[in-house]
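Q: Sequence:
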Amino acid sequence: MKNQYVSELTNGSIINSAFVVSKKQISQKKDGSSYCRLELQDKSGKIKGVLWTETLERTKDFEVGDYVFVRGEVSLYGDELQANILTLQKIQDLKKVDLSDFIRTCPKDVKEMFSRLLSLIRSMKNPFLRDLLLKFFLDESFSDSFKKAAAAITYHHSYSGGLLEHTLSVCETCDHMAAKYSNVNRDLALAGAILQGDQFPVLLAVKDGDEASVGGVEPGGEARLPGLDLL
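If you're matching positions, the sequence shown starts at 1 in full-length UniProt numbering and goes up one per residue.
Treat the hints as calculated values from the structure; they're not laboratory data.
By construction, the Cβ of each residue, glycine as well, lies at the ideal position given by its N, Cα and C atoms.
Possibly wrong hints are sitting among the right ones.
[Stated by the list, open to error] Per label pair, the in silico range of CB-to-CB distance:
1) Arg-71 x Asp-109: 35 to 41 Å
2) Glu-54 x His-176: 27 to 33 Å
3) Gly-12 x Ser-169: 40 to 46 Å
4) Lys-29 x Gln-89: 35 to 41 Å
Produce the entire structure from the sequences given, and follow the hints as far as they go.
A: This is how it looks when you write it as structure tokens:
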């Protein structure tokens, strides 16, 4: 399914591969017809693309975070490469998607970062908060997903391991601030730092028995919170 990467595309390249949608904007031409500007991404980079009116009209709905199979051709628009998209089809079966093809990996040691995060959790004095968080992070399935997840698709830490890196950074900042200011509740600050990210509930949400995608919980099927079964 993934047989081309953005870094391999040049002017005149024929596109026939899968990507993740990182940006999407519907615009209007002077005659009132709609077209779509978007950005396609994989682990090697990003490329801007366009769905002209005729193609957009026959393309089913897709959103940012969706994995899509694209056919088209690369051309120069100004001094930038642009994908002129002829067909775009949302990938429905996420089991066919290998996330390592689409998301860069964290440059830091994930195992070492996870160990530091566990140490911070274990150092919490509030037994209820500490034990609650350990129920999640000592669960092999949850912790594996957490370590692989990106913090975001586009803006920051947008690579596998990025959620862990971002969470640890915020936690260590909270730990430092709690040591400096006596009126800061360290345990609440740490718990808030861990739970604050949008991806935390996404990691808990399961659709039709499948793990949620990095881009978010896919539509269809009822989401549940299997993490609560750990309590």
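Q: Please name the hints from earlier in the document that this structure breaks, with their numbers sorted from lowest to highest.
A: 2 and 4
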